[in-house]
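First to last, the sequence lines map onto chains A and B. Per this note's numbering, residue 127 is the first one in the first sequence, and the count goes up by one each step. Per this note's numbering, residue 16 is the first one in the second sequence, and the count goes up by one each step.
Some clues are possibly wrong.
[Unchecked claim] A partial selection of chain B residues facing chain A, derived with a Cβ cut-off under 7 Å:
{"#": "1", "residue": "G143"}
{"#": "2", "residue": "G147"}
{"#": "3", "residue": "L150"}
{"#": "4", "residue": "L151"}
{"#": "5", "residue": "L271"}
{"#": "6", "residue": "V275"}
{"#": "7", "residue": "L303"}
{"#": "8", "residue": "A304"}
{"#": "9", "residue": "P306"}
{"#": "10", "residue": "F307"}
{"#": "11", "residue": "G310"}
{"#": "12", "residue": "L311"}
{"#": "13", "residue": "I312"}
{"#": "14", "residue": "A314"}
No wet-lab data here; the hints were simulated from the structure. Don't be surprised by glycine CBs; every beta carbon is placed ideally from N, CA and C.
If you want the building blocks of each chain, they are given just below.
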Amino acid sequence: MTDATERTVRSRKSSRWLNRDRVSVLLIALGCVALLLGGSLLYPGFLKPGYILQQLQIAAFLGIIATGAMLVILLGEIDLSVPWTITGTAIVVISASGSSNPLVASLAIPLGLCLGVAVGLLNAIGVAVFRVPAMVWTLAVNAMLLGAAVFYTGNSRPNGEVPWLATQAATGRTFGIPNAFLVWLVVAAITIWVLKRTVYGNYLYALGNSRRAVFLAGAKVRLVMVATFVLAGVFSSFGAILLLGYTNQAYQGMGDPYLMPVISAVVIGGTSIQGGRGNYIGTFAGAIFITLLSSILSVMQMPPAAREMIFGAIILVMLLVHGLTNKKEGI
Amino acid sequence: MMTWLRQNARETIAALALVILFAGYIAIHPRGFSTYVVTIWSNQGTLLGLAAIAQFFVVLVKGIDLSVGSIIALTNVMGSFLLNGSPTSIALGMVVVLAVGVACGLVNGIAVVYGGVQPIVTTLATGGIFGGIALLLRPTPGGSIDETMSDALTYAVAGIPVSAVILVIVLVVLLVLLRRTAVGLGLYAIGSSEQSAYMTGLRVNRLKLVAYGSSGFVAALAGTYVSMVTLTGDPNIAPSYTLNSIAAVVLGGVALSGGVGSPIGAVIGALILKTISSLMFFSGLPPLAQPFFEGLILATAIALGALGVFRVRSRLELYR
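One chain only, chain B, in its complex shape (with noise of 0.2 Å):
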């Protein structure tokens, strides 16, 4: 238990923090503890959740992805126009909507893969053209969505969120995968040491093909699901998810440096974020001063994860 405790430390902290912090939320809520709160604080999270594992993948293999806002925008865009009409119809529109989500992470892959260019630029370059795209399609947000899918993706079923439900079968089946199979191993190889993975045989390239994949699948899950709780395609939601995502996967202890972290914590971080927002919301503090205070606890929260330089003996573990 221990051991475990120190394995995952990062992580154990920052559910305890999300515990005390949707305590706090709860507290303050005019309507307490009840299946309508939870289940639009579930919804809420749900979205930012599945932006911070899309930026997860990238991350776990020593990249960074500014455009990931911009596949959800795109995504939600593209399901504004598919996901209606009869059932046939929305589950084809489904796949297109997730296939183009593949195909913008793989963009982006084989440009850092083969094309040499750095994620943080490629990603900046590509976030422009995902994003273009969105507007082109949809200049302004619209669009309609299948109701009865919507409903029941995003109510509460036996008081439990569906959300919450859908959230918890994407971690399992990504931490099955991820810690129980030899692709997802490697991409954790990768994430240490690129070198070294490289030598004991992985194929590296295509590792990183298969992480800037996932991590535009769970993109377009991600921007589906925003069409779903929002019911429209809007194509300007993209920067505050792109910069939300890095800042929940840094709060839930994924390394930037790469080959640390998992999904479980990416999607504390996230829940953390939303809760942080929230609260503000209830507060009472005046609605001018909340964006600063929510920026405020965004750094302290960061600067908190980060004390441990404080433990080190010799500085020089600092500098790499």
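Chain A with its partners taken away, still in its complex shape (with noise of 0.2 Å):
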């Protein structure tokens, strides 16, 4: 049988209400619970909302920049130049910011988007039209904007001012729920229509499963990738300045923890890293767990060191027990 055949009987049999995508997203949701109530018995402020909402903060940034990774995904791509687009629009907002000139000022959060539409566009040139491999591009695009930061800040910290704006929806509150969850609620209920309900979002699961099919059937195979790596981008740049106004700071280096999570929130949430399969409230919830996994193993005080094997150690469980649930599907 070939891929694409399997596929369709694939995604028959799981017409089902317990299918595949359900069931990532039930043993996240359980895996969460587990966490938290795991947590509680060594720490009993872990079930208070004050700490869950503080939580669910924090994840908005990670989810944020992760949906942006799921469309790249979900196309059978990957973005690996993610860390320094994150510094790099940091970096571009914190100084626009601080500029001198009241009109540079003003448009610090456009100028800081404007780089992820750049940083998409390079990065779609690349794989879209050269057909170099996602991950070698994105690589190398991933260094040059390193170079860029390094020599435009001479390698100390970037000076400036972070705007208002990022800082009211980062740290501020609305009836006591935190913006940036609330904006992540937004984002999450605008790509999942997106996904669901639009051309766009049709081709992008049909380009993941079999790119030749969708350029027979006469698609603009190269439009929707190169769509798909500037929203990426934009994404990517939008977390970045939730970031910054949550830390108040830029510096080098401040997006290089972030791949990871973002990879694995995805790939938790039952998203094929080959492209094609995944819905977005895995992404959501996936973002939560790394969320929380992270948090409980700084509270308990881990080695950074041990907190990396048992990151690791986790993320291979969940992925092997997707891997073999997978397989009794028959594949």
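Got two chains here, separate frames each, mind docking them using the hints?
In structure tokens form, the structure reads like this:
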């Protein structure tokens, strides 16, 4: 059987209520509950609304960046330029906002998002036009961004001002609920609508399944690919601006710790790394799971090394559970 | 001759680029062509070259290994505990280090083959685990390596760097194994089409484990050689080796889609990368601008390698 027929068979099978996507979401939800309960045994504060709301706030930064990563992964590609897109955006926004020219200062946030668009376009040129494997090309783009940032800042911490709006969006609260989480909810609602109800969303899944078939069907494959990489860049920059509002400073390497968690959140959420399968609720739950996990590991005062190991081990176990249930469905 | 060139076009172009870059490096280097300069270059190139070969084995069977750097870091750290003392204990230590490398590779292989997890996410997770163990064993760089052994393996004999000899021996052995044995050819077969290989009766699962195990073995060689060159165990070297090993195999004409390429190509790619960064160092560019140009050159090189897309007759060939 070829890949394509296999997938059709599988998708027909999975029309039951408890299909594979729902199983993954359920698994992560259970995982989150287990983490909270386990944590509360050690520290009673874990089940208090204050702690949970704070975790949701932090998860929002990861979740928004993971949205872009998920789109690219659905396409069957990968974006490894996330870390320095985040750092680059933070540097651009903080320096523009601190500029003495009031026009530049007021345009700080749009300028940051423009950087995301530019990075996305650069990624798309390599992947969609030159057909370089995304894994390598986005890595090279990441290296260039790193170089540009180092050159621009002279290897010191960039000075400037964090825009008021970014601080408000990242740390403010509305009716007691963190604004960052509300922003993420809006992003999530739009993403789910786009993936389920628009032509673009359908093309995205179709391209992840069989690029050749979509091309033969007459779709503008390159356009969809370019749009996806640009969207991913914008989401990275958007997340970076919120992150900037939260940390209140930009520094070299501030995006580096985000690459692994972002990809893990997407993949744990049940999105196939080969593309074409996955839903946003999974990514949403995945981002919360990863945030809770790292929070609990740091509260337990694990040394960073042990934290890294446990992190890796838990992700591997989640993936194995996915992989083995997949096998049962008869691949 | 012409057919050979056409069959190995990517490797040939990469080799030409390497020769030009190397000539530029020698011309620009203040000490010119000398045993000292070539030995340093060769030692550095061998480190990345071995990492690239480790990556090559996994890429050959359509995988990707994001844990190569972590395996190198782990074996390097283990080497810093085990590779000193009496000759017997060094030999034993060597065996242990190599066995750890193979075990790491097999863990990846088992998760991919029997766990049904995609290589990229498996190795992302195991990379965290291996790197974590390395950090636990040695939170900060340190340890000691037997200096006689290090000197013997990192200097030059009769003007020829020992590292170059090691690299050539590894390459020759691997080439013979890959091109002249059933197992080696089986790996290429799996990379080109797993289904056909399976239907031909190849033991696909077992062969894949061989590929991942070999990758771990070569990564352990790289880790040991890092110990020899730096004389310390450093748990923080993982990321740069992982990234550069992937870039190296692509530059050397190994297809990420599997089944195409040779360890020679991977090593040439690694040497190109090493030469570029050495060139940068002596180029007189302001140090702050160097990372940018390094990235730019890497991107240009990769894009040039991909120019073949403009020769395809039907765009259908581009989509699979």
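(request) Just pull the numbers of the violated hints for me, sorted ascending. (result) 6 and 13
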